[in-house]
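Participant: Produce the complete structure using the sequences and hints provided.
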Amino acid sequence: MPTAKHQLKSLWHNGVYVPRYDYKGLSIKVDGHRIKLSPRTEQMAIAFAKKLQSKSPPDKVFYKNFMQDFLQ
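Here the sequence shown stands for residues 40 to 111, numbered as in my numbering.
Treat the hints with care, since some could be wrong.
What the hints assert, rightly or not - Result set (DSBU-like, lysine-lysine): computed pairs, CA atoms no more than 30 Å apart in a straight line: (1) LYS68 with LYS103; (2) LYS75 with LYS103; (3) LYS75 with LYS48; (4) LYS68 with LYS94; (5) LYS75 with LYS89; (6) LYS89 with LYS99; (7) LYS103 with LYS63; (8) LYS63 with LYS90; (9) LYS103 with LYS89; (10) LYS90 with LYS75; (11) LYS103 with LYS90; (12) LYS68 with LYS89; (13) LYS68 with LYS44; (14) LYS75 with LYS44; (15) LYS63 with LYS44; (16) LYS99 with LYS68; (17) LYS63 with LYS89; (18) LYS63 with LYS75.
I should point out that these hints are in silico values taken from the structure, not numbers from a laboratory.
Keep in mind the model is a prediction, meaning the values are calculated, not measured.
Facilitator: Shown next as C-alpha cells:
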C-alpha cells in the first residue's frame with residue numbers, strides 16, 4: 040500500500056452544521072378557519088407531514104406527543 044505524501048496530524052470537528060429553517064409563511068385550515076403558522080410551527084408541520092409519508096408512519100405515542108407540542 041503506498042504511503043500518503045501528507046498525513047493528517049489533527050482533526051477539529053465542531054459538530055454538524057444545520058442551516059436555519061427557511062420560513063415560507065404557510066397557513067393551515069382548521070374547521071374552516073385559516074391559521075397562519077409561526078416559523079416554529081411551520082417547521083414542525085412540515086416535518087410531521089414528511090413523517091406521515093415515510094415508510095414507517097408515526098405510532099400513537101409520536102402522534103400524541105407531536106400534537107401536544109404543536110398545539111401549545
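Participant: Please write out, lowest number first, the hints stated earlier that are contradicted by the structure.
Facilitator: 3, 13, 14 and 15
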